[in-house]
Every structure is written in C-alpha cells, then in structure tokens.
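From just these sequences and the hints, can you work out the full model?
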Amino acid sequence: MASILSLTTLQTALEVGAIYSLVALALFISFSILNIADLSTDGCYTLGFAVGATVTLAGHPFLALPAAMLAGVCSGFVTAMLQTKLGVESILAGIIVNTGLYTVNLAVMGWSSNLSIYGSDSLFSLAKGLSGAGWWVKWHELIVLAGILLVICLLVVFFFGTRLGLSIRATGDNADMVRASSINPSFTITVGLCLSNSLTALGGCLYGLLNKSCDINLGTGMVTVALASLVIGESLMGRGSIPRRVLGVVLGACLYRIIIAVAIGADVPTECFKLVSALIVAVAIATPQGRKLIALQRQKLAARKAGGAQKC
Amino acid sequence: MLTLNHISKTFNPGTVNEKKALEDVSLHLAPGDFVTIVGSNGAGKSTLFNAISGAFYVDQGSVELAGEDVTFKPEYKRSREMGRLFQDPMRGTAPHMTIEENLALAYLRTAKNQNAFFSRTTKAERQLFRDRLALLDMGLEDRMKQPVGLLSGGQRQALTLLMATLVAPKILMLDEHTAALDPGTADKVLALTRQIVERDHITTLMVTHNMNQALELGNRTLMMDSGHIVLDVSGEERAGMTVGDLLERFRAGAGKELDNDRILLSE
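Order-wise, the sequence lines are chains A and B.
Every number in this note's numbering is 56 more than the matching position in the first sequence, counting from 1.
Every number in this note's numbering is 1187 more than the matching position in the second sequence, counting from 1.
These aren't lab readings, by the way, just hints derived from the structure by calculation.
None of the hints are false.
The list that follows gives simulated cross-link-like pairs (lysine-lysine, PhoX-like), each with its CA atoms no further than 20 Å apart: (1) K1260(B) <-> K141(A); (2) K1357(B) <-> K1264(B); (3) K141(A) <-> K1264(B); (4) K1310(B) <-> K1332(B); (5) K1207(B) <-> K1443(B); (6) K184(A) <-> K194(A).
Listed below in structure tokens is the structure:
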C-alpha cells in the first residue's frame, strides 16, 4: 500500500479532494437539494479559474476568491433566469450557459487558451511566506484549502437552517407546498443556483491557483467528478440531516480522489482514467442495492435453515 | 370576505379540446361562512379553487379577497392569506424535511417573518409549534425532529391542516381533504377541521362527495354542474333539507341527475 499511495500522493489527493468537495457541494445544492440538473458546472469551473487568475495577475491575490465567486453567481443567475423567467428546460438552460461560457472564459483569459500565474503573488505563495517552518512549507496548501472548505461547509450548514435555506430545500422537495407558504419558487431556485455556482467557481479558482497554470479545458468532465463524489458521499452517509450529508459530500470527494490516486500509483495508464472514473461511479451507485441483495440472500438462507430444522 | 364577479375560464380555447371549466360564476362569501360544495364529475369545483388560489388567472371577471382585487396577484402572494388542502395528503408537506422545518416554512406567512431570510426558528416559535401539534392529539409534538415522510397519510393531512391554519388565513379551501383517508382517520381530520375553523372563525370552502357531510357541516351549501353554480342554499331552507331534497333541487337546477361516480348518498 505504501508503495502505491505515498504520503506525497495522499497529500495531493487530499488537496484536490478539498477542491472537488467544493464542486460536489455545489452539485449537492443544485442536484440533491433543488432537484435541478445544472450542467453548467464545467464552464463555471473554468470561469472561476479564469476570473481568479486574471484578478491575481492584476495584483489582487485575496480579491481573486470573492471575484471568482461573484462570477459564479452571475453564471448561476443567467441559468436560473433562463429556467424561471423564460421557461427553458433546466438541463437545456445549463447546457446553453455552459456553451456560452466557453467564449466568455476565453474573453476573460484575454483571448488566449491558457493562462499562467507563475511569478505573481497568489493566495498560496503569500500563505507560504507566513512561516519558514518545514511542516508549514510542506503542508500550507492543504491547510489553507482545508480551512476554506471548513468555513464553506459551516456556512452551508448554517444557511440551510435559516428560513431562506428551508425554503430552498422545500422547493426541491415539494414546490406546491412552497407556493402555499407564500414563497416564490422562482426566487428560491435563483438563490440556490447562484449559491451553487459560486462554489463551483471558487473550486475552479482554487484549483487554478494551486496549479499556477491552466487551460480553457480545465473544467471538462467536472460535472461527472462532482456527481461521483456526491453519490459516493450519499452511499457512505445516507440521506440524513444536512450536516451529515455535507460531511458525506466532503468524504465522498476525498475518497474519489484517493481512489484515482491509487489508480495512478498502480500504474493504470492515463488513457484509462475515464473508464476508472466511470467504474467508480457505477460501483458507488450500485452499492446500496448490492447491500439489499446480500441481505435478502441471507434472509432466504436463514429461512431455509429454520424450515430444515422444523422438518427434523 | 371573498367575492367572485362573473369569472370564466376556458381551457384549450379554439381547439377540439376546448373546455369551458367555469362560466360566468359569481359568488360572495361573508366573513365566517363555512360553505360546502358538491357537484358532478368535471363540474368545475377544483377549477373554482384554482381560480381563487391563483394557480391560473381567470379569462374574465375579477376575484376580490377581503376588499382587495387579487385577480392578477400571483399564487405565491395570494397564499399569504389563503390556506388550501388537497385530496392527496402528500401534496401539502415536504417529505424529506422534519415536522419542525415544515411548520417553520408555514410560519413564514406571518408578516414579520416575510423578510427575515437569515433568521432561524426561535425557542418561542418551537414552543408554539409544539403546543399546536399537541392539539392534534397524535403524539406528533414528540416527533418534531423526524422527517414528515415517516408519517401516515392521516397524520400528514392533519399536519397540512395545521400548517394552513398556523397563521389564520382569510380563506381556507378544502378540496376533498379527507377522501383519501380511512374512515376513522377521516373523521378525526374532519373533527379537527371543524374545531380549528370554529376557533379562528375562518371563512371556509369545502368540496366533498359525501352528501350528508355537505348538509351537516357549515352554514351554506353550493352545488355545481358544468362550470355553473346551480344551487346555493343556506339558513332555514338548508336546515330542513335531506339528501333526497338536495338531489331533487339539483335535478331542477341542472336539468339532469347528479352524476358523480364517487358520491356518497348515505353514511
């Protein structure tokens, strides 16, 4: 195991896992809570990087995070307007925004297909400079990411206990009831999607800052990754209270990334990663059903034994 | 309390499926009126409720609630002053949220909570929810942290009734709200309905297919057929009526027999 998963790879896996957690949380809000398949994730993730990196290059390393989140909010707002005001099917609205974002992202990146922040002060380079201690230099990225993730998780948990949060949860659960409680479902959907996309963009921004350079295709496949994390999290922790589910999402994202790291360590060719991802998602979704099948077989076996005993 | 002025609604106008669901319906309810509505299949009972609640806007005519013209007020805004229960007990509550969370949402209708987006349920509110739940006498006050999906249909309908009346609405609409429940539970929910409506003097409209119930409950009975109100009885005239009289009057008003495959003529 040690040879497959060294401490360094585990560290990298957890760093990326923390970033994936943010995107998985975004899908948790749109997909699990609001019951809307928002497919603008890929474009929004890249948008977060493009805006974050541009602001960092302009000399505002801390402003990069809120700027990226604000860009995400705008993207979510457009998706929400398309569905609530213009009657576009939710899946289509996401795809349309995703397509449009490609050009927007190129424009933000100055019509270049990749962007590098090497040499400029970024969130991580400034954090690194805080202390010269060996452990800090080695672990500062993970600590900063974990800190941000913790704050976001606490905010999400708090938010879904407030009246607005409850209204958003009810919108995905029973829209009829929401209207009957004098809440406008269009409003709750809009707030939910803005929130969700701001987290996606934050994830993209942090990934870009961590890697120091990224290209326009950064976000491709992110929706699958986030969905996989979400599904793994739900098989792990079930559909209980909100804090439990948020924890599940984070664990799912980290676990997903660790499995990928193991696959890398086991010398699985890079070309096969998509297949590995697909397998992970399939296994994660099938796990609860598999458990039920095993339980049923056990029950049958026990019944047969009991029946046999009676005959004797 | 509620006034409908010559409202009409036609579905799929200009097509072969054109259906005049409501035709020139006028109705006035005094505060505290408890009106029962019976009618044949497709008579427009649910359409009437949808027109009042704002699920769609009427083609012609106007809707007034407590003196305010709400004809073009969207459903979610009208619902601040209206409560509505459907036949399906699943429609009124959010199954994956707890009893307390469901009640907290219903409590949003109070004016002071309308803009308090980031406020959380306070201790005093929790106590209020507990007290109200205790009135149902179903033990729900000790299960406030459980998801509503775990409750039985009758319990969910009782909870929906509580949510609709937690803040007394100006009008309460009950659309056969006990029809999907077993007889014992239906009686219980009906008793609760009567108790709450009397306590808060809520103006109520109730659709039922039980003819005895239609005469026994409330102070006024309407009969509907093909988008018209064909019979409207109240006061002494109603007090002396039997189910037989009611059917006779329906025949006279609609020009045909009452045709409803679910109607209950006796207990």
